[in-house]
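Student: Spelled out from the first residue to the last, the chains are:
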Amino acid sequence: MNTLRYRVDSFRPVPAVRRWWPLAAREFLSLFRTRWGLAMFFLCSVPGIGRLVMLLIGFGVVRFGQMRAPLPRRGPGTLPELDPLRVEFYIDPVLDVMPGMIVVLLLSSLVTARAIARDRMTNALELYWTRGISPRAYLFAKWLGSFMLVSLLTVAVPFVLWLTAVLLADDWSLLTETAAQFGLVLTGLLLATAVWTGICILISALCSSANTAMVLWSMLLVGSSALGAVLGTLLREPWLASSISVWGAGAVIVRTVAGMPQANVYVPGAVFVLGGLIALLLLPVLRRLRLAEAIA
Amino acid sequence: MISVTLENVTIRYGAHTAVENLSVTFEPGAVGLLGRNGAGKSSVLKALLGLVRPVSGRMRFSDLPDGAAATEVRAHVGYMPERDAHLPQATGFEMVSLLGMLSGMPRRDAWRRTHEVLYLVGLDEQRYRPVSGYSAGMRQKVKLAAALVHDPRVLFLDEPTNGLDPGGRVEMLRLVRQLSKELGKSVVFSTHILQDVEAVCDAAIVMEKGLVVAKGSLQELTGSASREHKIAVEPKGLDLVECLREVAQVRADGEGRHAVTLRQNATLADLFGAVRCAGGVVRSLVPHRRTLEEVFLSAVATEPSPPETR
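Line by line, the protein sequences give chains A and B. For my numbering, count along the first sequence from 1 and bump the result up by 924. For my numbering, count along the second sequence from 1 and bump the result up by 3.
Among the hints, erroneous ones may be present.
[To be verified] Which residues of chain B face chain A? A partial, calculated answer using Cβ under 8 Å:
id	residue
1	Y82
2	Q92
3	M104
Hints in this document: simulated from the structure, not taken from any laboratory. Just so we're clear, the structure is a prediction, and the values are computed from it rather than from any experiment. Beta carbons are placed, not taken as given, at the ideal position from N, Cα and C, and that holds for glycine.
Let the sequences and hints guide you as you build the complete structure.
Tutor: Right, dumping it as structure tokens:
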């Protein structure tokens, strides 16, 4: 033990409402702390990188010898998800089950689902709550950190791709034609990501082990999609597929916010499923994250 | 240094009363909080940290205004939990600095201060290693560093020597003593290990079934039997029971000595006089001091008056 250097400290305390930020920042960076985490993030970025390459080829920035891949022009035969001049090109990879759901499932399972359950396993809650942070602020900070991380791929990547296309385009027509709608798309993506990570963090707060939380979240995301598809087919009600599925309901909300055409969807059903799920999880979570639990 | 006062505090969990009408003051310095499992020690700590709200009574920190918010109270309190607790994936430096920031420290202050407290507890060489790889002793030290990082005036240490080897335990006790004596911290030391309290604390509070059954300075507690003495007299065959009948109760210890307990209002002069009157001489007289263990056992053996609901 040493006594040197210890001195009575004085500092101007940070207001209580701002104390959750270091926790959120730590949660956001948690995946980048290990080589394994970096590798996983790179893996999850591959679809985005693929789209970027498509974009570069499409705009003629990258050329393979004499082969050219001219920028597709709108026409009856052009698929909108392959047309960089339409917003579908940027958001369909995010909202489709493959690769979008898989990417979000991987990231959220690795970070969000483990966030609180792992703190509970290591008794970190006792350390947090005997500080100047409340359980609700803690829950918010953990969610915010995870939300920022997942948003990197669900929101930031489409935005960067769109911005690249705008800058590579011959004129500003892409910007003027798609800016308003793309703003709505980003808003919808932010909302859907917030809901997905919110449900995941609530599951994490309910579970006593990180593995249980990961399994439950994966089962909910994949299982609800499968259940929706099966019920929709059996009952011949196609809208059930997107309403029961946690993933599909999020996608419905994004497209609705963006004003994109959708077939066989029931928007109130999607909102009810997601809102109901959050309300259902939130009540037991607030009971479970009580201050009194801090000291055994 | 500040003192912490609880006045008529009652803590209930549903129908269960954990602490009943507790009035006690944790004076500046190091105070041992003793009691068996379920005695109410943790409930007292929870209440002082603002984690549970007493159903009645009030608590006061001498330097804080009445009715201070729980977060404000926690800013002045450092808590070292009994259980092994650490932040997943964090190094010692990251854990202590993050907890400092959550206590309201600006990042730059938290970083500087973290280096200082980790040096103080002897973890400066290991500060960038993950806490999950620390030994039990190092984990205790990093918890103590976390309790100290925001420079609290009161420290609540819950079983700080748990899981430490003898060397680590001595080191930890020396640090706690140093915090109390040299650095002016008020320390509430909750433990089952009575020797630790004797080594570190100036006073002790013994709890049993939610009530305080003994409290006071260690001197008062262990010296409360100062009316007891070990006495040896000449000649050895002198009937002490008979000759001291008026001034003391006498019990032979079988080694030529007797344990005498002075009666109320009797003094040592009376004792010497009685021996002299019987024709004897007092050869030695040693005051009998109880160990804290004896104090504890006798205190918890005294059945406290039962609370209203249990």
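Student: Against this structure, judge whether each hint is valid.
Tutor: Status of the hints after comparison with the structure:
1. Y82: At about 4 Å, which falls below the 8 Å cut-off, the nearest Cβ of chain A leaves the hint on B:Y82 intact, so it holds.
2. Q92: It holds, given that the least Cβ distance between B:Q92 and chain A is near 6 Å, below 8 Å.
3. M104: holds, 4 Å
Against the hints set out earlier in the document, no violation occurs for any number.
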